[in-house]
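Note that the protein sequences, when read in sequence, are chains G and W. For the first sequence, the positions run 1 to 281 when our numbering is used. For the second sequence, the positions run 1 to 350 when our numbering is used.
Source of the hints: derived by calculation from the structure; they are not laboratory data. Quick reminder that beta carbons are idealized off the backbone N, C-alpha and C, glycines included. All clues stand as given, with none of them false.
On the chain G side, residues computed to face chain W include the following (Cβ under 10 Å): (1) Ser51; (2) Arg244; (3) Asn256.
Listed below, chain by chain, are the residues.
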Amino acid sequence: MENPYLPYPVRIDDIEVATEDKSLKTFTFVFVNPADEEKFAYKAGQFAELSIPGVGEIPIGIASSPVEKGFVKFTVFRTGVVTTHLHNMKKGDLMGIRGPLGNWYPWDKLENKNVVIIGGGFAFTTLRSSIVYMLDPANRKKFKNIDVVYGARSPGMLLYREELFDWEKRDDINMHITVDGTDDPDWKYHTGFVPQVVEDNAPVADEDTYAIVCGPPIMIKFTQPALTKLGYQPHQIIMSLENRMKCGIGMCGRCNIGKELVCKDGPVFTLEEINQTPKEY
Amino acid sequence: MNFITIDKKDWAPGIDKSRKTFRVYGPVEDENGCQIKPLAPDTAPKMDAPVTVMSAKSVLFPQTEKILTATLDESKQDHHVMTPVETDDMPRVVLGIRPYDAKAVQLVKLNFDNPDYQDPYWCAAYEATTFVGLGVTHPGPCDFSTAVGCGPFSEEGLDVLMADMDDKYLAKILTKKGENWVAACGFDTEADPKESQVLFDVLRKEAEKQIQTDLATDKLAGKTILDLYDAPFWDDVAFSCINCGTCTYVCPTCWCFDIQDETRHNTAVRFRNWDTCMSSLFTHHASGHNPRGTKVHRVRQRFMHKLKYFLDKYDQGIMCVGCGRCVASCPVNIDIREVCNRMNDYETTK
Numbered sequence: 001m002e003n004p005y006l007p008y009p010v011r012i013d014d015i016e017v018a019t020e021d022k023s024l025k026t027f028t029f030v031f032v033n034p035a036d037e038e039k040f041a042y043k044a045g046q047f048a049e050l051s052i053p054g055v056g057e058i059p060i061g062i063a064s065s066p067v068e069k070g071f072v073k074f075t076v077f078r079t080g081v082v083t084t085h086l087h088n089m090k091k092g093d094l095m096g097i098r099g100p101l102g103n104w105y106p107w108d109k110l111e112n113k114n115v116v117i118i119g120g121g122f123a124f125t126t127l128r129s130s131i132v133y134m135l136d137p138a139n140r141k142k143f144k145n146i147d148v149v150y151g152a153r154s155p156g157m158l159l160y161r162e163e164l165f166d167w168e169k170r171d172d173i174n175m176h177i178t179v180d181g182t183d184d185p186d187w188k189y190h191t192g193f194v195p196q197v198v199e200d201n202a203p204v205a206d207e208d209t210y211a212i213v214c215g216p217p218i219m220i221k222f223t224q225p226a227l228t229k230l231g232y233q234p235h236q237i238i239m240s241l242e243n244r245m246k247c248g249i250g251m252c253g254r255c256n257i258g259k260e261l262v263c264k265d266g267p268v269f270t271l272e273e274i275n276q277t278p279k280e281y
Numbered sequence: 001m002n003f004i005t006i007d008k009k010d011w012a013p014g015i016d017k018s019r020k021t022f023r024v025y026g027p028v029e030d031e032n033g034c035q036i037k038p039l040a041p042d043t044a045p046k047m048d049a050p051v052t053v054m055s056a057k058s059v060l061f062p063q064t065e066k067i068l069t070a071t072l073d074e075s076k077q078d079h080h081v082m083t084p085v086e087t088d089d090m091p092r093v094v095l096g097i098r099p100y101d102a103k104a105v106q107l108v109k110l111n112f113d114n115p116d117y118q119d120p121y122w123c124a125a126y127e128a129t130t131f132v133g134l135g136v137t138h139p140g141p142c143d144f145s146t147a148v149g150c151g152p153f154s155e156e157g158l159d160v161l162m163a164d165m166d167d168k169y170l171a172k173i174l175t176k177k178g179e180n181w182v183a184a185c186g187f188d189t190e191a192d193p194k195e196s197q198v199l200f201d202v203l204r205k206e207a208e209k210q211i212q213t214d215l216a217t218d219k220l221a222g223k224t225i226l227d228l229y230d231a232p233f234w235d236d237v238a239f240s241c242i243n244c245g246t247c248t249y250v251c252p253t254c255w256c257f258d259i260q261d262e263t264r265h266n267t268a269v270r271f272r273n274w275d276t277c278m279s280s281l282f283t284h285h286a287s288g289h290n291p292r293g294t295k296v297h298r299v300r301q302r303f304m305h306k307l308k309y310f311l312d313k314y315d316q317g318i319m320c321v322g323c324g325r326c327v328a329s330c331p332v333n334i335d336i337r338e339v340c341n342r343m344n345d346y347e348t349t350k
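Between the sequences and the hints, there should be enough to build the whole structure, so can you do that?
Here it is as structure tokens:
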């Protein structure tokens, strides 16, 4: 019997400070046993438990993309016991990864559709995974227009800045990068909050358009009316939730919203589904 | 061989004989009341015990259980690589388990052994365990098992069901596991199947008659989760609750757990511990946000999980076997029967 609590051993291959306030770091992990990489086959939108023996585990969205091979990447905000410990670890250290866990963005349903990706702050990790996946030469033709609205407090708080600016230059993806405010006179992108940028720039919905929204609760709250104005129906709005988790496999009982378990039935739900559950997230 | 009789003179010697192949659990009286525990050599189970304070769930799901371990000693080759702890899979038998506790194991199984994931610790313990039940001839005042699809002589989840006949037990063997246990004890006095079944039926009816409850669950399935969640009575239900969590610990069907790491010297151990949805930490995010931040949220979660989410998710009735422990143990007299009836009777005015 497979033991779903047993993490794959991994080595920290690289650590990158991801934001100017140093509260986020991106960790690149390599599997100690190469065969484990295959077992860890994942889809964009899934998460994993980062597992530090003697310290604990944290559920984190997978920021690398299924089309990137040889490593997995996670961008982690320093906030609790395990994340603080992780931020103090160094290249070469050994730990574990358990997963992949949960469901993923509905890639089958999104084929031949326009996809609008809306992200805020550090909730951009699985969205990065998704964009890299969709832009892969083998996949790009499966999707129609791709729009991305991504905002952070300031230019230095945007995750994956170099990639964002590379995507900006491409003609097969429409980037709408925004910051709440900046004193940089050379800032050539949007200034303003995500919901407003969505209202002004996101495509009007037809039945072939889906929005994927990931961000802090306040952004989600104000983005919903903007999307509604643009004609998005609840089943066209796809969201990824987070809740406190332990097991990640639907057994320990804490992450439920109604009868749905965020770790196993989610973390990805449509707004239509979320509207049928208590708002306990 | 469906039915056997076991003379009470042979009971203790038979159990002792079975210890070669079985680790034996049963009701024992201690300073905390009556508990299901491993039986020390030469002790017999207290078969006439009243309802045990805790259910038998800890036989398969210990209150605290090591699951993984790793060495942190960097001079060792496999340092920081977690491995499962060795589990003891020796066959074990639980004697004198009450039928509602055995049925509860079947409900808990839906969580720990599902098509997507199997919990290896729970499943191994389940495989290794034989449940020898004792019918409840005198149900207590809090017993409402008949109202929730169980009953004092329910056979679900049992390997052997026994009935106390004064100087002997009449035992109905229900599974292969049950046969093996009977053989290990050397119990082999066959009883007439027809007559025995008649006796069982009489005892069952007698016992069922003693359970007085007006609990109704028939209308729960027809209501929506959100209607029940938004019902106006939750403040009232939760008013006296002190979130002590007693109801969740004594409950045979509550399976929620926490995972914690501990280190001692260079050894890291990952534990699984019982947890309770009554605790605000249960759902407390690292950010400080808590989706179930008030006791009303938490009390509602417990009843909604047992009486609605579980029902909708598995379509196998409610997540309650009517043992009445939570009713008897609650320090502020919250009664799941009343809450269930309020939910069942609730009609939204929307």
